[in-house]
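Residue numbers (this note's numbering), protein chains in the order written: chain A, 947 to 1929; chain B, 36 to 455.
One should not assume that every hint holds.
As the list claims (entries may be wrong) - With a Cα cut of at most 30 Å, we get these calculated DSBU-like pairs of lysine-lysine:
#  : chain 1 : residue 1 : chain 2 : residue 2
1  : A       : K1861     : A       : K1418
2  : A       : K1706     : A       : K1666
3  : B       : K289      : B       : K454
4  : A       : K1885     : A       : K1666
5  : A       : K1194     : A       : K1006
6  : A       : K1442     : B       : K454
7  : B       : K314      : A       : K1861
8  : A       : K1726     : A       : K1045
9  : A       : K1405     : B       : K450
10 : A       : K1347     : A       : K1475
11 : B       : K423      : B       : K454
12 : A       : K1405     : B       : K142
13 : A       : K1829     : A       : K1726
14 : A       : K1418     : B       : K445
15 : B       : K423      : A       : K1405
16 : A       : K1392     : B       : K118
17 : A       : K1809     : A       : K1697
18 : B       : K314      : A       : K1405
19 : A       : K1442     : B       : K314
20 : A       : K1405     : B       : K145
21 : A       : K1405     : A       : K1031
22 : B       : K445      : A       : K1405
23 : A       : K1006     : A       : K1666
24 : A       : K1479     : A       : K1045
25 : A       : K1567     : A       : K1644
26 : A       : K1303     : A       : K1045
27 : A       : K1225     : A       : K1303
28 : A       : K1861     : A       : K1195
29 : B       : K145      : B       : K378
30 : A       : K1479     : A       : K1459
31 : A       : K1861     : A       : K1809
32 : A       : K1225     : A       : K1031
Claimed, not checked - Pulled from the structure, derived: some chain B residues nowhere near chain A, Cβ distances all over 12 Å:
#  : residue
33 : N81
34 : Y126
35 : W156
36 : I238
37 : T265
38 : P335
39 : S340
40 : S346
To be clear, the hints were calculated from the coordinates, so they are not data collected in a lab.
C-beta atoms are modelled at their ideal positions from N, C-alpha and C, and glycine is treated no differently.
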Amino acid sequence: MNLARILCRLIIIITFSWCHSAIGQTTVKGQIVSNGVSLPGVSVAVLKTNIGTTSNEDGKFEIAGVPVGTFSLRFTYLGYDTLYKDVDFGTERDADLGKLNMRKTAREMKAVTVTGKYAEGSAQEAIMLTKKSTRIETVVSRENLQKLPDKNIAEAVQRVAGVKMERNKGEGSNVSLRGTPGDWTATLVNGDRLPTADEDNPTRTFEFEVFPSNLVDYIFVTRSITPDIEGDNIGGAINFQTIGPAEKKILKINAGGGQNLIAGKPLYDLNFVYGDISKNKKLSFSIAASDYTRPYGADAFQLVYGSPFNHGINKVELKDYFGERVTLGGNATLQYRPNDRLKIAAHIMAGKMDDDKYQYKLNYNYSDGSGQRIRMLGTHGVLQRRIYGGDITAEYQINPKLTINTKIASYQNSFQYGPFPYGNNSDYRNGYVTYDFISNSLLEFKDMVNTNFFGQIAKPGEQSGPIKLIGKDDPYGHGDNYKSIHPMPDIAVTAKDYHFYQVFSQYNHTIEKDPVVAQLNGIYKLNDKITIKAGIKGRYKEGSREQSLYQWIQQVGNPTIPTDPLPIQHFQLQDAPRNSSFLSEFGQAYENKLVPFLTPGQMGSLINRLGDTLRTYTMDKYNQDYRLWVGGHYQYAETTLAGYMMAEVNAGERWKLVGGLRVEETALHETGDSLNVDTLLTYIDPTGNYFSYYEPKKQILDRTYIAILPSLNADYTINKNSQLRLAASRTFHRPNFEETKPGAPIYYVDKQELYLGNTKLNPTYSLNFDATYQLFIGKKDLITFGGYYKYVTDHILSAITDADDAASLIILQYKNVKKSFIAGIEASADKHFDFLNGFWSGFGINANITYSYSQMQVPGRPKAQAMSEQTPLLYNIGVYYEKGRVSTKLALNYTGPYLMSPNLVSLKGVGLVHKDTDFDLYRGEMYSLDYMLSVKAFKHFTVYAEANNLLDSPYKTYIGQEWRPKRIEYYHQRVQVGLKFEL
Amino acid sequence: MKKLHLLFVLLLAMSVSAMATQKRKVLFIGIDGTRSDALQSANTPNIDALIAHGAYSYDAWCLGITVSGPSWSSMFTGVWYPKHGVTDNSYSGSQFDKYHEYPALAKQYKPGLYAAEVMEWPPLIDNIANIYDGYNVRIHVPDGGTTTTGTAALTYLADTNVDIMTIYYDKVDLTGHSSGFSPLNPAYISAIESVDANIGTVIAALHARPTYAYEDWLILLMTDHGGILTGHGANTDQERHIWFIADGTYIAHKQLNLAGTDPGSYRITPPGVDTTILKSVPVQTDIAVTALHFLLYDIPGIYPSIITTDSLDGKSWLDSIYFPPTIMPTAVQPLAGTNLAVKMYPNPTTNLVTLWFEHSNTNISYSVINAMGALVKQENNFQMSGLKLNIDLGSLSDGTYIIHVEADNKTVDKKVVIKH
C-alpha cells in the first residue's frame, strides 16, 4: 500500500467523520468499543458542562438533556487514549453515534495515574482486563503490586494463584505457574523472553533479583496461551509490563528505610517515577529509577551425605551468611504520536545487582580424605548481575480494518563474581573466594555407630564400621535429631586449634545476549465477528559461560620457605555475626559453635600478606584436575524464527473462539570442549617439572528442530457476570544450553558432581487442556475455578550415568523421561466485604489454591512417581482492609513439599541402585507471612510499614524423609517503614 | 664333543656373568585408597600374575595416619609421620629436609642413578622440594586419568637409563570418596579393575625394554590406606588393613604375614605398635628401605647400617624374598606338603564364597558337604583362569558346610557358615 493511497483513505475517513458529526441532537447515545470488545465503565463527559455519564456493562451510554449548541464529548478510560468528539447539538434531536472505538495506549498498558481513592483504579482495571482477556489470564496491576509487601516482582507474582517461587537467600528469584518445573514458565518483559545469566542456575528462566518491582506497571499471568505468545512455555507465561509513557504529568517518589532483624542492619529503598506529556498530546515520556539496598543474613544448616548406598553423614555444616545487596534499576520510555493512527515508542531499561556476600562456616567432617576433622571456613565474593536492553515499537493503523505493529528489541544479561580479592574486574583470579582452615589434630568422633556398608546392624561375621546416622536411620534407635547433633571429637578442639589449609577462588563469567529480537504483527478485522492476526518473530541469541578455579596453598615444597603450620590466631579474627544465637530456631545445640574467623579486611589482605609462602594453581590445561574443568566453558548461538496465524471469532452471543497455529523453528549451534585424548603432550615448566596433558578440543552441536503448536481457546459467556473458558494447546520447552552442551561434563565443585550434557536431548512437549469458570461480582470481585491436564513427553531430568570410565566422581547426565502427566485443579476468590456496614466494609479477602497430581515413570523403577519439580499444593490467603486513608494487608503464602530430583544412581552390573524414593531429593514446605500497612497522611504523602517473613519459615531440602534434611536456611524477619510522595 | 662341551660351559659362564652384571632397578606402583578385601574380590589378572610369581601379603597394615599425604610420605621416606612431619594433605610441618625420599637417599651413595616419577596427585610432587626427592624427571599427569598415567609412564619405561620409576594411581581412592570404600561397591571394584588393566600395560612395557635381559627389576606395589564409607583417616581395620606385593625375576613366590597378624598402630596408644609382630608384617616404611637395600646392595653392609645413618623406621624384605641365581638353590620353590593353603572369604556368607589358592591349573575339584555328611554340590576336574574360585552357595539353606578342595594332589577342608 503506497503513501498516496493511505493519504487518500485518510482524507475519506476524516471527511466522513466530519459529515457524520455535523448533525446535532439533544439526546446522544452510542457504544464504546475497543477492537470490537465493548468497554464498560468509560467516563463520558460533555465538556464545559457538568453533564456526563459512564458506559454500562455493554459499553453503551446515553446522555439526555444536552443544551443546544456545539459541544465536545470526552471519553476517558484507564489504559486507553482519551477520545474527543465534537457534536453540534443544534441541528438534530436524537442521534446514535454508533460504535466509538477507543484504543489502548502504545504499550497497551500505560502509566497508571490514580486520581481517586488510593489504589483502586488500576485494581479495577486489572479485573476488567482479566475479564476481557482472550486467554486464561490474571492481571496484576502496579497498584496491586504496591499493596503487596513484596520488594521484588518474583515475590509479588507469587501472590497469584498457583505460582511457585524459588528463593535465593530469602529473596524471590524465579517463578513458575501451577507449581510446574521452574523452566517451564516463560517469564517475559514487555512480551519478550529476556536472556538469562545466573550464577549456578543454567535454566532459561529469568532471575528477578536484578529487577526491582518498582519498574513494573502490570503483570500478566497467562495460563493458557494463544498463538501470538511465544510457545516455549508449558507452565504458562508471565509477562511483566514496564512503566509506559505518561498520560499526564506524574511524579512519584518513595523513600523507605528499615531494619533487617537477622542482619541487624538498616536497609533503604528509594525510587521515583517522573513523566509528562506535551500539550498537543503527541509526545510523552516517563523515567523511573530505583535503588534498593538491604543487608541480609541467614542461619544455614547443611548435612552432606556420603555414599549412595547408605544415609551416612560425611559432614555437618553450620553456615552464617551475611551480606548486602544493592539493586539499581532504571527504565525510560518515550512515545511519539504524530496522529491517531501512528504511534512510535522507544524504551530502555537497565538493572544491576551487586551482592556483597560473606559466609562463615564450621564443618564437622565425619568422613573425609583428610580424616575426621573440624574445619572453619570463610567465603567472600561480590556477585554481580547486569541486565541492559531496550526496544523500539511502532504501531500503524493502515485502515480501520488493518493495524500493523512492529518491535525491535535487544537485551544483554550477565553474571560474574566481581573484583575480589584483586581490585580490577579483569583478573581471572577474582572470584567467590573460600579460606579454609583445618583443626590441628586428627580426630575420632565418638558419636558414630557401627553398621555394615548399608547402614544396617551387621550380621555375625559381617564387616562393620563407624558411621554417623541421624534420626530413624540409626538402626540402634538413638539417632540424633538433626536439630541437636552433638559431634563428640575424642580430642577437645578449641578456637585456637586450627591452621591454614588452602584458599580457592571460584571463577564464573556468564553472559547471554539477544542482540536482535524482531517481530511484525498484523491485525485484520474481517468483520464484526472475525479478527485475523498474523505475525512473525525472530530472535538471535548468543551466550557463553566460563567457570574455573584458582587455588592457593602453603608453599611447602620450597626448601627456602619454612613449612611450619600457619595458626589461625596469627590472623585478625572476629566472631560470626550471629554466633551467640545461631540457629536458635533449633534450640541451643548450635549456639556459639562457630569459631572466630578472619575479618572481612583480613580476607581481603591474606593472599598479599602470605605472599611467597603460598603456591598457586591455575586451572589451565596443565592442571592435574583440568579434566574436571575442561567442560566448564561453552558458547552457543541460537536462532529462533516463529510465525503464527490466528483468528478471533465472536460466534454468536455467547461463544468467542480464539484459535490458530504457531510454528517455531530453533537452530542451535553450541560448542564445548573435551580433551583430545588421542595425543598426550608434554610441557616442561620453568622449574623443570613435567606435565603430561591433553589439548582441549572443540565439540560442536548443530541442531535444528521445528515445533508445531496449535491452540484453541473458547470463551462461553454464561451470563453477564460469569464465563467459562476452555482451552487446548500444544506447547514445548527448549532444553537449556547446559543440558544440550557437547563435550566434557560441567563440574560443580560445591556439589562434587559432574553434569554431562546430552546433545541428543529432545525438547519437552506438552498437550495442555484447561477449563476455567470465572464469576465476576460487581466491579471488583472475582471468583474462579479451574482444572487442567498436561500430557508431557520428554520431561528432562538428570540421572547418574554409568556410561563413563572415569567415574571417580558422580556424573549425572540429562535425560528425557518418555511420558508423564499433570492434572490439577485451582480456585481463587477476591471478595470485598462491601456488603458490611461502616468500618467493616473496608475488609476484603483474596485467596487461591492450586492442587495437582502428577506422575512420571522413571526407567528402572517399579512404580510411577510424582514428577520432579512439580509442586502438588500451593495456596495464598490475603486479608486486607482498605478504607479512607488506611490500606493494610496480611498475606500468607504456602508452597507444599515436592520432589526436586530423583536419585538415579545406576551402576554397572547393579542397575538402578534406588528403586524407591528414600534417596530422592525433596524441597520442604514453606510458609511466608507478610504484613503491610499504608496510611495516606497528607495530600501527597503516604506513610507505610512492612514486615516480611513473619513466620520465619525456613528454606528446606531433604533426602527422602522430612527428618533427614540436606539444607535448612532461616532468613528471619525484616521490617521497613517508608514515605511515599505522589504528585 | 669336547668342543661342544666347552662351548656349553662358555655359554653358561656368559649367562652367569650377565646375571651378575644385571643392573638393579626399582619400579614402585602406588595405588591410592585400595582396601585389601576389595583388591581380593576384584578381578585383577595383572596384579594376580605378580602375586602368583612374587611375594605378597593381603595382611599389611598402615601404622600411621590413614591419610594420603602422611602415608605416601612414609612409603617414600621410610619413616613414620612423627619424623617426616606430614600429618595432613597440606603438608605443613613436613621435614623432608631431614628425611629424604628413597631416590634422593640412594643418590647419596650412587649419584648416577636416574629416577623418574609419574604422579596423578599434585602434592606428591609439588609439596616436596626436588633436592629432597631425588627424581631427575617429575611428571604430573591428570588426576584419576589412569590410562594417561600408563601412557606417560611408558615413555620413561622405554628409556634405558631409568633406574628408579615411581607410578601413582588415584582413581580407586577418588571412587571410594565418591561412592564408598567397600568391596560391596561395584564402582569401587570397577576402579580397581581399571587400574589393574593399566598396570598390565606398564608391566608389559617393562618386559619389552630392549635392555630388560641385562636388568634386574624389583617391582613393588602398595597402597596408602583403606577406607570406610566415603572417607578414611581414622584407625578402623577397614582403613588400616592394606596389602603389599613385591615381584621380580629373582623374587621368590611367598605369602608374607600368613597369620594375618596386626602389629597395631602408632595412632592407637596404648598399646601402640608391637615391635615383635612388626618384624613379620609388611608396612609402608618397608617400601623405601627395601628399595634402598635392593639398589645399594653392592655397598657392603648398607643394610642394616642405612637404618641408623638415615634414621629409617622401615625394614628390608630382601633377605627373605630375593634369591638371585648365585644363591638361589632352585629356580622355583615348590610349595611343600599335601595341605592346600586356601584363603576363604567371606565367612559367614549369604551366597558367594571365594577360595583363593595357588595351583598349577591342572584338574581342580571341589565338593560341598552338609552337616549330615551329604554331598550337596560338587564340580570335578575343571580349570581355573586365576587364583580365585567362586562358589555359589545361595541355594543352600542356613547352616555349616564343609568345602573340600583338591588341586595339585593336595587337599583341604574348609568350614563355611551360610546365613541368609
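Hints versus structure:
Taking the CA atoms of K1861/A and K1418/A, the gap is about 20 Å. The hint holds against a cut of 30 Å. Restraint check for K1706/A and K1666/A: not satisfied, since their Cα atoms lie roughly 51 Å apart, outside the 30 Å limit. At roughly 33 Å between alpha-carbon atoms, K289/B and K454/B are farther apart than 30 Å, so this suggested pair is violated. Restraint check: the Cα-Cα separation between K1885/A and K1666/A comes to about 38 Å, which exceeds 30 Å; the hinted pair is violated.
Restraint check: the Cα-Cα separation between K1194/A and K1006/A comes to about 27 Å, which is no more than 30 Å; the hinted pair holds. This hinted pair does not check out: K1442/A and K454/B have alpha carbons roughly 51 Å apart, beyond 30 Å. Between K314/B and K1861/A the CA atoms are separated by roughly 50 Å; this puts the pair beyond 30 Å, and the hint is violated. With a CA separation close to 26 Å, the supplied pair K1726/A and K1045/A stays within the 30 Å bound.
For the suggested pair K1405/A and K450/B, the alpha carbons sit about 18 Å apart, so the restraint of at most 30 Å is met. Only pairs whose Cα atoms come within 30 Å are accepted, and K1347/A paired with K1475/A is accepted, the gap being roughly 12 Å. For the hint pairing K423/B with K454/B, the CA-to-CA distance comes to about 22 Å; that is within 30 Å, so the pair holds. At roughly 53 Å between alpha-carbon atoms, K1405/A and K142/B are farther apart than 30 Å, so this suggested pair is violated.
Taken as a hint, the K1829/A and K1726/A pair is honoured in the structure, with Cα atoms around 15 Å apart against an allowance of 30 Å. At roughly 52 Å between alpha-carbon atoms, K1418/A and K445/B are farther apart than 30 Å, so this suggested pair is violated. Among the hinted pairs, K423/B with K1405/A is consistent with the structure: their alpha-carbon atoms are about 25 Å apart, no more than 30 Å. Proposed proximity of K1392/A and K118/B is supported: the alpha carbons are some 28 Å apart, at most 30 Å.
Straight-line distance between C-alpha atoms of K1809/A and K1697/A comes to about 28 Å, which keeps the hinted pair within the 30 Å bound. This hinted pair does not check out: K314/B and K1405/A have alpha carbons roughly 34 Å apart, beyond 30 Å. Proposed proximity of K1442/A and K314/B is contradicted: the alpha carbons are some 40 Å apart, above 30 Å. Distance restraint check for K1405/A and K145/B: the Cα-Cα separation of roughly 55 Å exceeds the 30 Å cut-off, and the hinted pair is therefore not satisfied.
Pair hint K1405/A plus K1031/A does not hold up; C-alpha atoms about 94 Å apart against a cutoff of 30 Å. Restraint check for K445/B and K1405/A: not satisfied, since their Cα atoms lie roughly 33 Å apart, outside the 30 Å limit. Taking the CA atoms of K1006/A and K1666/A, the gap is about 14 Å. The hint holds against a cut of 30 Å. Between K1479/A and K1045/A the alpha-carbon distance is near 22 Å, which keeps this suggested pair within the 30 Å criterion.
Taken as a hint, the K1567/A and K1644/A pair is honoured in the structure, with Cα atoms around 14 Å apart against an allowance of 30 Å. With a C-alpha separation of about 60 Å, the suggested pair K1303/A and K1045/A falls outside the 30 Å cut-off, and the hint is violated. Of the supplied pair hints, the one linking K1225/A and K1303/A is violated, its CA atoms being roughly 49 Å apart against a limit of 30 Å. Annotation: proposed proximity of K1861/A to K1195/A is violated, straight-line Cα distance about 65 Å (limit 30 Å).
Proximity of K145/B to K378/B is assessed by CA-CA distance (about 42 Å); at most 30 Å being required, the pair is judged violated. Proposed proximity of K1479/A and K1459/A is supported: the alpha carbons are some 29 Å apart, at most 30 Å. Among the hinted pairs, K1861/A with K1809/A is consistent with the structure: their alpha-carbon atoms are about 8 Å apart, no more than 30 Å. In summary, the hint linking K1225/A to K1031/A is supported, as the alpha carbons are separated by about 18 Å, within the 30 Å threshold.
Every C-beta of chain A lies more than 12 Å from that of N81/B, the closest at about 17 Å, which supports listing it as non-interface. At the 12 Å boundary, the C-beta of Y126/B falls inside the reach of chain A, the nearest C-beta of that chain being 4 Å off. Its beta-carbon lying about 7 Å from the closest one in chain A, W156/B breaks the requirement of being farther than 12 Å from that chain. A cut-off of 12 Å between C-beta atoms confirms that I238/B is not in contact with chain A; the least separation is 20 Å.
Non-interface call for T265/B relative to chain A: violated, since the shortest CB-CB distance, roughly 4 Å, does not exceed 12 Å. Annotated as non-interface, P335/B keeps its C-beta farther than 12 Å from every C-beta of chain A; the closest such distance is 32 Å. S340/B, annotated as away from the interface, keeps every beta carbon of chain A farther than 12 Å; the closest lies near 27 Å. Here S346/B stays apart from chain A, with its beta-carbon at least about 19 Å from theirs, past the 12 Å limit.
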